[in-house]
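Participant: Full structure from sequences and hints, please.
Residue numbers -26 to -1, 1 to 419, in mature numbering (1 follows the signal peptide of the UniProt record, and there is no 0), belong to the letters of the sequence shown in order.
Treat the hints as calculated values from the structure; they're not laboratory data.
Check the hints yourself; a few may be wrong.
What the hints assert, rightly or not - Derived CB-CB ranges, DEER-like:
1) Gly95 to Thr227: 50 to 58 Å
2) Thr206 to Ser157: 17 to 25 Å
3) Lys401 to Ile62: 27 to 35 Å
4) Pro159 to Pro19: 17 to 25 Å
5) Ser108 to Thr29: 32 to 40 Å
Computed from a predicted model, the values in this text were never measured in an experiment.
Just so it is clear, CB atoms sit at the ideal spot from N, CA and C, and this is done for glycine as well.
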Amino acid sequence: MLRMMLAGVAAASVMTAGLVAAPAMAQDGEPLHVEITDGVIEPLPFAMPTFIAETGDASKIAQDISSVIRSDLTGTGLFREIPQNAHIQRFSSFGTQVNYSDWTAINAQALIVGAVSMQGGKAVVKFRLFDIYSGAEMGEGQQLAASPQSWRRLAHKVADTIYSRITGEGGYFDSRVAFVSESGPKNARQKRLAIMDYDGANVNYLTDSSTIVLAPRFSADGSKLIYTTFETGFPRIKMMNVGNVSSQLLPETPGTMTFSPRFSPDGGSILYSMEQGGNTDLYRMGINGGAPQRLTNSPAIETAPSYSPDGSKIVFESDRSGTQQLYVMSASGGEPTRISFGEGRYSTPVWSPRGDMIAFTKQHAGRFHIGVMRTDGSEERLLTASFLDEGPTWSPNGRVIMFTRESPGANGGASLWSVDISGRNLKQVPTPGAASDVTWSPLLQ
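Facilitator: Okay, structure coming up:
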């Protein structure tokens, strides 16, 4: 369940160009304590009047920012907004003193107050968060500014800070996802790389549909993507700079096929699968090329590698036991340890950014599942079940998993979905059309 123990917080004021969230401190010096466990029974009720427009030209952007903050918070499944028509107190200015009894009367536990103005060609947003039960402000009031075109990022940043102060976890709203946008009939799909905000807004296409592209993956700083392309007729690894959309094929070993790439956490090397002479093993290569280092040596198919956040270990899938299973080994190679022992086949493992869990795809009894387990294979838990769920990717805070769901039938298509690691709050992520092979960026800088 969701247990909220909200202490009163001393008020403060700070102006920053961006958001720097510090732990909220109670009046007695104890930090805000929030515990989220697996079963969320009752979302936290919060109230948020539409942000006040402090200049005449800020009315529309104030409404838009307020709408995105509401959507971010309620979309987690951890928060429930109290409708504005139920509010007793009304705010005419950002500095209006809070009448806590008015908010207690409508069972609000948290109150968000904000304002937006246009100053020197920039949109400036400021906000405050109040703990209604303790009757005090939670953390520091903050102000940040950006170009009016970046108003969505301002909203996501505000929501991230509020989420972090109440839950004690890092946020994930100010992030993007890259995916494969699909079009055309099911038996002749055209595919191109696309990128968008985590909530489906601001879609941009990074490649055309002249060649098949698969499995994009972000670098740890979010500045690059690495993916598989068939532009030469065979699977090759290509790297793209997200900022200017420039790209380059990585060096190849003659007579091989390379695929399933992933960046190392430090960004200095690339982990990938290479097929040579009918055998597929894992290799590592410097980001600028150089001789590939072989990490596995088995007659089995070894693929879909993923680093632990500290770069010390690798999880991957292999059929060396006769069926697809998950294995963990040192990042420098060596003998791997099998960690999956349930019924069915396991694939596409991905290490959580927290380092404590591994997400995976599981196929069993004619159904596909997205699941999670501890890094030693214990505490396996299946979060979804459908005709075809596959390819999990973690949110920056390790709280949410996004994946591809394929619907059956000749007219079926792929779509993106997300689910909380508790298995709750399953929902579709909006995309312009069919979409697959999603990867989640870190928080934007």
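Participant: Now, for every hint given, state plainly whether the structure supports it.
Facilitator: Hints and how they fare:
The given range of 50 to 58 Å is respected by Gly95 and Thr227, whose C-beta atoms sit roughly 52 Å from each other. Separated by about 23 Å at the C-beta atoms, Thr206 and Ser157 satisfy the suggested range of 17 to 25 Å. Look at Lys401 against Ile62: about 32 Å separates their beta carbons, and that is inside 27 to 35 Å. Between Pro159 and Pro19 the Cβ separation comes to about 47 Å, which falls outside the hinted range of 17 to 25 Å.
At roughly 33 Å, the beta carbons of Ser108 and Thr29 sit within the given window of 32 to 40 Å.
The structure shown violates just one earlier hint, number 4.
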